[in-house]
Amino acid sequence: MGKDEFKIRFDRHGHIVIDDPELERRILFLLEHDRQLVLRLNAEGVEPPKTIVTNLRGCPLPEPTPIHNPKGCPNTMCDFCGPDLKVVDNRAFTKGWDRLKMDHRQSLDQ
Amino acid sequence: MSAKTAQPREDVVATMQTERLRALSNRYLGLTLMPTEACNFRCTYCYEDFALGRMTPPVVRGVKNLLAARAPQLDTLHLSWFGGEPLLAVDIVEDIQRHVLALARENPGLRARSSMTTNAWRLERGLFEQLVGLGVNEFQISFDGPEEIHDQKRRRLDGKGTFARIWSNVLAMRDSDLCFRVILRVHVDGENLEAMFGFVDGLKAEFGADPRFGIFLKPLSRYGGPNDAALPILRTAAEFRRFDELNVHAYGSQGRDHIRGAGGSASPEVCYAAKGNSHVVRADGRLCKCTVALEHPANTVGRLHEDGTVAIDAARARPWMRGVFSGIEAELLCPLVGLDAALVEPRASA
Chain A
1 MGKDEFKIRF DRHGHIVIDD PELERRILFL LEHDRQLVLR LNAEGVEPPK TIVTNLRGCP
61 LPEPTPIHNP KGCPNTMCDF CGPDLKVVDN RAFTKGWDRL KMDHRQSLDQ
Chain B
1001 MSAKTAQPRE DVVATMQTER LRALSNRYLG LTLMPTEACN FRCTYCYEDF ALGRMTPPVV
1061 RGVKNLLAAR APQLDTLHLS WFGGEPLLAV DIVEDIQRHV LALARENPGL RARSSMTTNA
1121 WRLERGLFEQ LVGLGVNEFQ ISFDGPEEIH DQKRRRLDGK GTFARIWSNV LAMRDSDLCF
1181 RVILRVHVDG ENLEAMFGFV DGLKAEFGAD PRFGIFLKPL SRYGGPNDAA LPILRTAAEF
1241 RRFDELNVHA YGSQGRDHIR GAGGSASPEV CYAAKGNSHV VRADGRLCKC TVALEHPANT
1301 VGRLHEDGTV AIDAARARPW MRGVFSGIEA ELLCPLVGLD AALVEPRASA
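First to last, the protein sequences are chains A and B. If you're matching positions, the first sequence starts at 1 in my numbering and goes up one per residue. If you're matching positions, the second sequence starts at 1001 in my numbering and goes up one per residue.
Careful: at least some of the hints might be erroneous.
Said to hold, decoys possible - Below, a sample of chain A positions facing chain B; criterion: calculated Cβ distance under 10 Å: (1) K7; (2) I8; (3) R9; (4) F10; (5) H13; (6) G14; (7) H15; (8) I16; (9) V17; (10) I18; (11) L28; (12) E32.
Unchecked claim - If you want the footprint, here are the derived chain B segments under chain A, 3+ residues with CB under 8 Å: (13) 1023-1029; (14) 1314-1324.
Unchecked claim - Computed far set for chain B versus chain A, every beta-carbon distance over 12 Å: (15) T1236; (16) V1301; (17) L1304.
Calculated from the structure, these hints are not laboratory results. Yeah, the Cβ is synthetic: ideal placement off N, Cα and C, and Gly gets one too.
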């Protein structure tokens, strides 16, 4: 990578600081748009495959799986699913997620 | 991602995959915490020296202060409990997890997840339920094969076997109604390879219908322990072909990634050691990158202070992060491989 490798350092709270304002702006831009896309898709009831993002509040059960409390635990016992429990078959969704993200990245590059 | 070619900087950024970009995000923080580096097991292949005991109180306070300072800006906090055996210092786990739960309540945008690599000796039903209640709900638990083989390799400090108690604890987890995830890590070597076919059948019979459990077949490796030279690691092409057959036997047509489940991602995996926003906190407050090469001279990159501030030497951290910049998959998967060469011949800014 040579001269193209990023210059980074860490501040006193461990934040990564990129010592190139324009480069940092570009990376933050991409990260923020990726984050906004995730939030928007979740708002639309669409979840990413495998990597669980927000509305399951950290439920670690694997995806794809047809239901997130396969043992039938009542919502009151589960801090993760609770009222946000959703039944999602992500197998059909995986390709759509990848395509959406690719489209989004391409739109950023135009 | 295979060629290491110089590219215009903007193109490098544009072609960086999301997972690599996330390794530079300050909205994510991953901490591997070692509440104790002591262990009640003496596995024949272990690479740790157990020289450090419990995490000191100033380091515990440092962890909590760091988390409090970072939480308001975080989308995701991932704590990985490691050791030693973390359940030998369960009071420290509980202290920090309660702090995390409080931070999550104060910061609704924060998604906190906690995982634990444990030998499961102490993971009886009551403690397991307590941990899940504290937010620790992903576990990695290792087996070395059926009982008669496992007990020869995965032994207690006094030399006695461990299989029966671990197995009992894992079955009790299965029988609970809680939401959690377990990766059953199975070490495969030249001695237990054939016996693993039957053992995997047993795992599938007990856990195969429960999506909370996944199996991870891992060839035994030499990680620098005192018995490395004698370890019967897979060596021959025939052994590796048989290991491939074992994988097919275990995972069938579903594919390995599906069975592994937790942590799976559509993108290539990026090791925590390769990420800029992930650190190992040792019991004495040293900040490291890798949990395998604990005593590698390049592993310590900084220190955590009691007030929650850190001092991280970027020049020491950058060689571990080189895959984030290069996109070379091998450097993302395990930056330890090739690290010495990267240190000898650093790239321009590393």
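_Quick check on H13(A) please, does its C-beta sit within 10 Å of some C-beta on chain B?_
5 Å, holds
*asked:* So T1236(B) supposedly isn't at the interface. Is its beta-carbon more than 12 Å from every beta-carbon in chain A?
replied: T1236(B) is indeed farther than 12 Å from all Cβ atoms of chain A, at 34 Å.
_Please verify the coverage claim for the region 1023-1029 of chain B: does it have three or more residues whose C-beta sits within 8 Å of some C-beta in chain A?_
holds (count 5)
*Hold the hint about R9(A) up to the distance rule: shortest CB distance to chain B must be less than 10 Å.*
Because about 4 Å separates R9(A) from the closest Cβ in chain B, which is inside the 10 Å limit, the hint holds.
*Can the hint on I8(A) be confirmed by a CB-to-CB distance to chain B that is less than 10 Å?*
6 Å, holds
*For the hint on H15(A), does the least C-beta distance to chain B fall short of 10 Å?*
5 Å, holds
*Restraint outcome when K7(A) is required to lie within 10 Å of chain B by C-beta distance*: Holds, about 5 Å.
*Taking the least C-beta to C-beta distance, is E32(A) closer than 10 Å to chain B?*
Holds: closest Cβ of chain B sits about 9 Å from E32(A), inside 10 Å.
_Given V17(A) as an interface hint, is its Cβ closer than 10 Å to any Cβ of chain B?_
9 Å, holds
*Hey, does L1304(B) actually stay past 12 Å from chain A on C-beta?*
9 Å, violated
_G14(A) was flagged as interface toward chain B. Is the shortest Cβ-Cβ separation under 10 Å?_
Holds - the Cβ of G14(A) comes within 10 Å of chain B, reaching about 5 Å at its closest.
*Interface hint outcome for F10(A) [beta carbon to chain B under 10 Å]*: Since the shortest Cβ distance to chain B is 4 Å, the answer is holds.
Hint check: violations occur at hints 16, 17; the rest are consistent with the structure.
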